[in-house]
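So the protein sequences, as listed, match chains P and E.
Okay, so the first sequence: first residue is 1 according to our numbering, each after it adds one.
Okay, so the second sequence: first residue is 1 according to our numbering, each after it adds one.
Be careful, since some hints might not be right.
Result set (EDC-like, lysine to aspartate or glutamate): computed pairs, CA atoms no more than 16 Å apart in a straight line [unchecked claim]: (1) E:LYS134 to P:GLU178; (2) P:LYS136 to E:ASP124; (3) E:LYS136 to P:GLU176.
A short, non-exhaustive set of chain E residues, derived as facing chain P with CB atoms under 7 Å [to be verified]: (4) PRO50; (5) ALA55; (6) ARG85; (7) LEU86; (8) ASP124; (9) ARG148; (10) LEU149; (11) ASP219; (12) ARG240; (13) ARG241.
None of these hints come from the bench; they were simulated from the model.
Fair warning: this is a prediction, and the values are worked out from it, not measured in the lab.
Cβ coordinates follow ideal geometry from the N, Cα and C atoms, glycine included.
Protein chains: 2
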Amino acid sequence: TIVEAIRAALAENSRPALTGPGTALIDAPGPLSGRHAVVTSGPTHEPIDPVRYIANRSSGKQGHAIAAALAALGCQVTLVTGPTRLTDPAGVDTIHIESAREMLAAVEAALPADIAVCAAAVADWRPAIEAGQKLKKQPGGALPPDIRLIENPDILRTISAPGPSRPALVVGFAAETEQVLDHARAKRARKGCDWIVANDVSTGTGTFGGDDNAVHLIDADGTDSWPAMTKQAVADRLARRIADHFAAPTTKDSA
Amino acid sequence: TIVEAIRAALAENSRPALTGPGTALIDAPGPLSGRHAVVTSGPTHEPIDPVRYIANRSSGKQGHAIAAALAALGCQVTLVTGPTRLTDPAGVDTIHIESAREMLAAVEAALPADIAVCAAAVADWRPAIEAGQKLKKQPGGALPPDIRLIENPDILRTISAPGPSRPALVVGFAAETEQVLDHARAKRARKGCDWIVANDVSTGTGTFGGDDNAVHLIDADGTDSWPAMTKQAVADRLARRIADHFAAPTTKDSA
Numbered sequence: 001t002i003v004e005a006i007r008a009a010l011a012e013n014s015r016p017a018l019t020g021p022g023t024a025l026i027d028a029p030g031p032l033s034g035r036h037a038v039v040t041s042g043p044t045h046e047p048i049d050p051v052r053y054i055a056n057r058s059s060g061k062q063g064h065a066i067a068a069a070l071a072a073l074g075c076q077v078t079l080v081t082g083p084t085r086l087t088d089p090a091g092v093d094t095i096h097i098e099s100a101r102e103m104l105a106a107v108e109a110a111l112p113a114d115i116a117v118c119a120a121a122v123a124d125w126r127p128a129i130e131a132g133q134k135l136k137k138q139p140g141g142a143l144p145p146d147i148r149l150i151e152n153p154d155i156l157r158t159i160s161a162p163g164p165s166r167p168a169l170v171v172g173f174a175a176e177t178e179q180v181l182d183h184a185r186a187k188r189a190r191k192g193c194d195w196i197v198a199n200d201v202s203t204g205t206g207t208f209g210g211d212d213n214a215v216h217l218i219d220a221d222g223t224d225s226w227p228a229m230t231k232q233a234v235a236d237r238l239a240r241r242i243a244d245h246f247a248a249p250t251t252k253d254s255a
Numbered sequence: 001t002i003v004e005a006i007r008a009a010l011a012e013n014s015r016p017a018l019t020g021p022g023t024a025l026i027d028a029p030g031p032l033s034g035r036h037a038v039v040t041s042g043p044t045h046e047p048i049d050p051v052r053y054i055a056n057r058s059s060g061k062q063g064h065a066i067a068a069a070l071a072a073l074g075c076q077v078t079l080v081t082g083p084t085r086l087t088d089p090a091g092v093d094t095i096h097i098e099s100a101r102e103m104l105a106a107v108e109a110a111l112p113a114d115i116a117v118c119a120a121a122v123a124d125w126r127p128a129i130e131a132g133q134k135l136k137k138q139p140g141g142a143l144p145p146d147i148r149l150i151e152n153p154d155i156l157r158t159i160s161a162p163g164p165s166r167p168a169l170v171v172g173f174a175a176e177t178e179q180v181l182d183h184a185r186a187k188r189a190r191k192g193c194d195w196i197v198a199n200d201v202s203t204g205t206g207t208f209g210g211d212d213n214a215v216h217l218i219d220a221d222g223t224d225s226w227p228a229m230t231k232q233a234v235a236d237r238l239a240r241r242i243a244d245h246f247a248a249p250t251t252k253d254s255a
């Protein structure tokens, strides 16, 4: 099965990471030493036929930066990423997938984890039918059938559901084009995750594909709006906040 | 207008190319010196909403290699490319677009040309409606409307239509998953282009995204099947064949 294949790949990947160039990072004592984080990043590609797919504008920069920032604090990190132009972060076990279904299978195979950061822009829907042959123009100009969409698995909600394999801290992302805070707070409640990092991806903000990001961190206590900074700085600040969270167990109830 | 913007960009781009690092290639006497080629490359992205789009698996490797190979023979080359991971070829005026409509506008703005090589994997269809806001999941799990498709402009057929601005030689590409030669010959007749380069992009051939290609060159005289070779070698051979075509005007009637 795909889950077994991913487990095998993880087992394969983790060996060189423990003895190779990433060892220094992983072995370094850090505030997240001994913790395991699963981070998702990038877009998903949802096939229409063998050559066409539905995609989205996520660059993966924010998710990859978070994976690297957590690793720099001593965390063992599994990064599950859709297709991006980025290189795999050093010292991070990176699993490459295309569709939302593959991403969910890879995340579940990577559990247990203390931390899950779902930064990927997972497609909400996929084409209901994946054609086995390339859709071709018809003589007379007849159009192909409308693309009917069906719901993809909800990775953030699945990971957030109570149960023995739920990570202690689940962080979701909300990419919004309007009413950013209202939508993000509703998303946190609906998904059952602990924190939501909300950002505005309206045309013109340059967040998708750009290097900068202005985000709001929403938890049970309220909203913390960070100034605009690079995606790397957002990642570093989020990783430190995660480390503080695990260093202060008495605040766990308000996670 | 977009055409004026592209013309301005072309004028802007062509100046450094004539005096910069590309000068040697462009000024070098070569069999295609004094000729102008327009080459299209890569996929197109057809927007569904501000963050989602329909794409295809074209890497742009073949089209970019053809642009570089023509430039190496002394040709002035305008490359019109969709989003790829590739760097712009040296000595080539490169115009970046996303959608098929933008690609057509950029190609038309680049004319007149002696040669057009349409290697891009232009989307046949685009979503009939581009939503102004990101489509959001609805409470209760209602699905978004089906994606209705409408036909995109046909760049190859448009360029191939008789008229004062038709390039002397128009080369199209046919990416097929079945009955490769039959479909490609029919495409040549239907589009009105001079040559078709046909290849098999079935799952497993590795053509999309890969470095190798096995193609058939179809012209009025028949089919020339080339052995599998790198996309760079296909580009070099095609560029030499184009140069031979222009060096032998008596064979022009059978182009």
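> Looking back at the numbered hints, which does the structure fail to meet, lowest number first?
Replying inline: 7, 11, 12, 13
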